[in-house]
Amino acid sequence: MIMEDKSITMQPALEIHDLTVAFDRKPVLWDIDLTLPQGKLVGIIGPNGAGKSTLIKAVMGLLPLSSGYVKLFDQPIDEVRKRISYVPQRESVDWDFPASVLDIVMMGRYGKLGLFKSPRKADRDVAFDCLKKVGMESFANRQISQLSGGQQQRTFLARALAQQADIYFMDEPFAGVDAATEKAIINLLRTMTEARKTVVVVHHDLQSVPQYFDWVIMLNTRLVAVGPTESTFNQHNLQETYGGKLTLLADVADLIRRESYPSREGSNR
Amino acid sequence: MKFKVESCETFKIVPRKSYFVPSNMNSLVEFFSFTDPNIRFVVIGSVLLTASSAIVGSFTFLNKKSLVGDAIAHAVLPGICLGFILSGTKNPIYLIGGAFITGWISLVFVEFITSRTRIKEDTAIGLTLSVFFGIGILLLTVIQKSGNAAQTGLDSFLFGKAAALVGRDLYTFATVAVVLLISVFLLFKEFSLLAFDKDYAKAIGLPVKRIELVLTSLIVLAVVIGIQAVGVVLMAAILITPAAAARFWTDKIKVMFMLASVFGAFSGLTGAYISYVAPSMPTGPWIVIVISVIAFVSFFLAPRRGVISRLMRQYTIRKTINDENVLKALYQLGEENKNFFIQRYPDEIIRRRKFEKENLMKVLKRLKGQGYVERTGNLWGLTEEGKSRGQRVVKIHRLWELYLTTHLHIAPDHVHEDADTIEHLLTPELEAELEKILDYPSVDPHKSEIPYK
Numbered sequence: 001m002i003m004e005d006k007s008i009t010m011q012p013a014l015e016i017h018d019l020t021v022a023f024d025r026k027p028v029l030w031d032i033d034l035t036l037p038q039g040k041l042v043g044i045i046g047p048n049g050a051g052k053s054t055l056i057k058a059v060m061g062l063l064p065l066s067s068g069y070v071k072l073f074d075q076p077i078d079e080v081r082k083r084i085s086y087v088p089q090r091e092s093v094d095w096d097f098p099a100s101v102l103d104i105v106m107m108g109r110y111g112k113l114g115l116f117k118s119p120r121k122a123d124r125d126v127a128f129d130c131l132k133k134v135g136m137e138s139f140a141n142r143q144i145s146q147l148s149g150g151q152q153q154r155t156f157l158a159r160a161l162a163q164q165a166d167i168y169f170m171d172e173p174f175a176g177v178d179a180a181t182e183k184a185i186i187n188l189l190r191t192m193t194e195a196r197k198t199v200v201v202v203h204h205d206l207q208s209v210p211q212y213f214d215w216v217i218m219l220n221t222r223l224v225a226v227g228p229t230e231s232t233f234n235q236h237n238l239q240e241t242y243g244g245k246l247t248l249l250a251d252v253a254d255l256i257r258r259e260s261y262p263s264r265e266g267s268n269r
Numbered sequence: 001m002k003f004k005v006e007s008c009e010t011f012k013i014v015p016r017k018s019y020f021v022p023s024n025m026n027s028l029v030e031f032f033s034f035t036d037p038n039i040r041f042v043v044i045g046s047v048l049l050t051a052s053s054a055i056v057g058s059f060t061f062l063n064k065k066s067l068v069g070d071a072i073a074h075a076v077l078p079g080i081c082l083g084f085i086l087s088g089t090k091n092p093i094y095l096i097g098g099a100f101i102t103g104w105i106s107l108v109f110v111e112f113i114t115s116r117t118r119i120k121e122d123t124a125i126g127l128t129l130s131v132f133f134g135i136g137i138l139l140l141t142v143i144q145k146s147g148n149a150a151q152t153g154l155d156s157f158l159f160g161k162a163a164a165l166v167g168r169d170l171y172t173f174a175t176v177a178v179v180l181l182i183s184v185f186l187l188f189k190e191f192s193l194l195a196f197d198k199d200y201a202k203a204i205g206l207p208v209k210r211i212e213l214v215l216t217s218l219i220v221l222a223v224v225i226g227i228q229a230v231g232v233v234l235m236a237a238i239l240i241t242p243a244a245a246a247r248f249w250t251d252k253i254k255v256m257f258m259l260a261s262v263f264g265a266f267s268g269l270t271g272a273y274i275s276y277v278a279p280s281m282p283t284g285p286w287i288v289i290v291i292s293v294i295a296f297v298s299f300f301l302a303p304r305r306g307v308i309s310r311l312m313r314q315y316t317i318r319k320t321i322n323d324e325n326v327l328k329a330l331y332q333l334g335e336e337n338k339n340f341f342i343q344r345y346p347d348e349i350i351r352r353r354k355f356e357k358e359n360l361m362k363v364l365k366r367l368k369g370q371g372y373v374e375r376t377g378n379l380w381g382l383t384e385e386g387k388s389r390g391q392r393v394v395k396i397h398r399l400w401e402l403y404l405t406t407h408l409h410i411a412p413d414h415v416h417e418d419a420d421t422i423e424h425l426l427t428p429e430l431e432a433e434l435e436k437i438l439d440y441p442s443v444d445p446h447k448s449e450i451p452y453k
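Chains A and B supply the protein sequences, listed in that same order. Counted from 1, the first sequence has number 217 at position 217 by the numbering used here; the numbering is strictly sequential. Counted from 1, the second sequence has number 3 at position 3 by the numbering used here; the numbering is strictly sequential.
Derived from the structure by calculation, the hints contain no laboratory data. Just so you know, even glycine gets a beta-carbon here, dropped at the ideal spot from N, CA and C. Fair warning: there could be bad hints in the mix.
Cβ-to-Cβ under 8 Å is the rule here; a few derived chain A residues that face chain B [to be verified]:
#1 62
#2 65
#3 69
#4 73
#5 76
#6 102
#7 115
#8 120
#9 147
#10 148
#11 149
#12 151
#13 184
#14 242
Straight-line distance between alpha carbons at most 16 Å, and here's what the computed EDC-like set of lysine to aspartate or glutamate pairs gives [stated by the list, open to error]:
#15 B:65 to A:94
#16 B:252 to A:96
#17 A:133 to A:182
#18 B:209 to B:111
#19 B:198 to A:182
#20 B:202 to B:212
#21 B:198 to A:33
#22 A:112 to A:94
#23 A:112 to A:91
#24 A:183 to A:205
#25 B:447 to B:433
#26 A:82 to A:18
#27 B:447 to B:413
#28 B:202 to A:125
#29 B:64 to A:125
#30 A:71 to A:125
#31 B:209 to A:78
#32 B:436 to B:420
#33 B:354 to B:413
#34 B:120 to A:254
#35 B:90 to B:169
#36 A:112 to A:24
#37 B:198 to B:212
#38 B:64 to A:96
#39 B:319 to B:374
#40 A:71 to A:96
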């Protein structure tokens, strides 16, 4: 590999420090600390209710943090929004919206376009190109209400690609996708990481973890482990992640909500 | 409800321009020739008001916030009254200002209640709406009893009065309407993204809070000027109904907005006309009736999304299923006899598969018309075409049963009913794929032979 500007390439893609997130006062993520290098395909795994989506949303600044901070490329997120891309869960929107597939993918260009400006031909070309990458070019003019689950997922993926970002956060991009498409998507993500993009994916299927991901984040309301897959994704950590809730921790979280306590002294949330 | 009747009676409605009430035909010609400048004012005014309300309202519709428009509409009444009390005149600037402020306060109330208590949004809207409207009516009564001569006509804000739109007032309202349209035009892509996927808008760094602030202000403004035409009570209808009607006709957002504005404008025009021929008539109810008729017609007649079109589709499907079931029964009888072209009595078909006799005769006649069966007296049999269509249904049925048992591991005695539905539904492409996946098997799980051509 070419040793170009070392300070840039060695910057961590993501740094999370002492992150706690609460819903309705109840903490759902406790004191997360982690650092991800650039250019890796990273899986976030953990049981239901472990806070996988919450972690992504907190990083994207979509949820208020009870404590801690998040930095991307050594900067607060609002400074580097244009370098960050997001694929929300498919079910988070109403697909009976009057729009075509291309309309949705074009939304990926809005951040770069800025307010008041209409998309140009160049934007349309990028959007179309991204549709091609996910194999949806023949659906460009299809109404989104007529898409299957897997096609909806690929539309969202194309929208994220259209942002031409450096780091991608994807919330369950494989939900409702057939095996062949999943393979195609993983190959696409691989080529992205080869181009030094960082891709962080919430994932459910443990079987495919070693095959898909360079790094894993193992989560169960607290961080169990983070690191390269071959050294981190082991029996001990799996046991710790999936071996059931820490009952005491869950009870304390419930207590905080019941008693309307702030989850941090001096905080309102 | 009682106050409405009272207020209509107590307030003396004096139109600014005293139109005589002419015979209908003359008035129609006179009105639509637009020679009278006052008529021009009223028409331009009410069309602008209703069209801009419809466009802004389309976003409340897409945001699924239809009730919010209703809350604002009721909450502007105290603002109008306060504007009048404080300024002592009906200058629209003061009235709009007052209305804008209380309209906004009501939204802050709704937001505050939903975020700080366990009360849900619908309840919060209901509470806010009635409190503000109550205060508004109270103030209106106070003004009315005060004997201030300038107050006449304030009550037209309750039910709307397009004919009151003349001269200087019109310029104010028209300016606001044009500002609304330009703002929507400039922020169209942001507003639609927010309506579709707010989290994503935040994620890509759009100033979501500020855009929402602008949109809310536009809605409040649209309400504030719209009530001139339709009145406080019915304002929500002119915000939401055009969008709801337009949605039936199209899946394209821009077309939807254009249709909504045309529907809105048309109802506004009708309102202006009514206001002209019958000056003592409140305009609002008429506008709402017109736009509701448009919505009603859309609901039934729109292609694809309309109720009638859906019923027609279901009817066609049922017909296909009936047809194919009869062809299938004839084919299966043919299998038993190893001769597909034997003609039979209807009762024989019924013995093979339960049909109502009357229905069966209808289907047979229809199939004969299409060339799938032939008849000799009361004997019915397949034609070559009928045989191949029946055969296809039987083939898909058996292939699907096999697919369910081999690929989904469902017990052979569970698969029949699933296959009964699938056999009518499968497209030729899926049929070919199914054949390929199963590698052209010769028998189904019940050892019946799978017929190929």
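Each hint, compared with the structure:
{"no.": "1", "hint": "62", "in the structure": "holds (5 Å)"}
{"no.": "2", "hint": "65", "in the structure": "violated (14 Å)"}
{"no.": "3", "hint": "69", "in the structure": "violated (18 Å)"}
{"no.": "4", "hint": "73", "in the structure": "violated (15 Å)"}
{"no.": "5", "hint": "76", "in the structure": "violated (12 Å)"}
{"no.": "6", "hint": "102", "in the structure": "violated (12 Å)"}
{"no.": "7", "hint": "115", "in the structure": "holds (6 Å)"}
{"no.": "8", "hint": "120", "in the structure": "violated (13 Å)"}
{"no.": "9", "hint": "147", "in the structure": "violated (12 Å)"}
{"no.": "10", "hint": "148", "in the structure": "violated (13 Å)"}
{"no.": "11", "hint": "149", "in the structure": "violated (17 Å)"}
{"no.": "12", "hint": "151", "in the structure": "violated (16 Å)"}
{"no.": "13", "hint": "184", "in the structure": "violated (19 Å)"}
{"no.": "14", "hint": "242", "in the structure": "violated (27 Å)"}
{"no.": "15", "hint": "B:65 to A:94", "in the structure": "holds (14 Å)"}
{"no.": "16", "hint": "B:252 to A:96", "in the structure": "holds (11 Å)"}
{"no.": "17", "hint": "A:133 to A:182", "in the structure": "holds (13 Å)"}
{"no.": "18", "hint": "B:209 to B:111", "in the structure": "holds (13 Å)"}
{"no.": "19", "hint": "B:198 to A:182", "in the structure": "violated (27 Å)"}
{"no.": "20", "hint": "B:202 to B:212", "in the structure": "holds (11 Å)"}
{"no.": "21", "hint": "B:198 to A:33", "in the structure": "violated (28 Å)"}
{"no.": "22", "hint": "A:112 to A:94", "in the structure": "violated (25 Å)"}
{"no.": "23", "hint": "A:112 to A:91", "in the structure": "violated (26 Å)"}
{"no.": "24", "hint": "A:183 to A:205", "in the structure": "holds (13 Å)"}
{"no.": "25", "hint": "B:447 to B:433", "in the structure": "violated (22 Å)"}
{"no.": "26", "hint": "A:82 to A:18", "in the structure": "violated (25 Å)"}
{"no.": "27", "hint": "B:447 to B:413", "in the structure": "holds (13 Å)"}
{"no.": "28", "hint": "B:202 to A:125", "in the structure": "violated (24 Å)"}
{"no.": "29", "hint": "B:64 to A:125", "in the structure": "violated (32 Å)"}
{"no.": "30", "hint": "A:71 to A:125", "in the structure": "violated (32 Å)"}
{"no.": "31", "hint": "B:209 to A:78", "in the structure": "holds (14 Å)"}
{"no.": "32", "hint": "B:436 to B:420", "in the structure": "violated (21 Å)"}
{"no.": "33", "hint": "B:354 to B:413", "in the structure": "violated (20 Å)"}
{"no.": "34", "hint": "B:120 to A:254", "in the structure": "violated (22 Å)"}
{"no.": "35", "hint": "B:90 to B:169", "in the structure": "holds (10 Å)"}
{"no.": "36", "hint": "A:112 to A:24", "in the structure": "violated (34 Å)"}
{"no.": "37", "hint": "B:198 to B:212", "in the structure": "holds (10 Å)"}
{"no.": "38", "hint": "B:64 to A:96", "in the structure": "holds (12 Å)"}
{"no.": "39", "hint": "B:319 to B:374", "in the structure": "violated (19 Å)"}
{"no.": "40", "hint": "A:71 to A:96", "in the structure": "violated (36 Å)"}
Hint check: violations occur at hints 2, 3, 4, 5, 6, 8, 9, 10, 11, 12, 13, 14, 19, 21, 22, 23, 25, 26, 28, 29, 30, 32, 33, 34, 36, 39 and 40; the rest are consistent with the structure.
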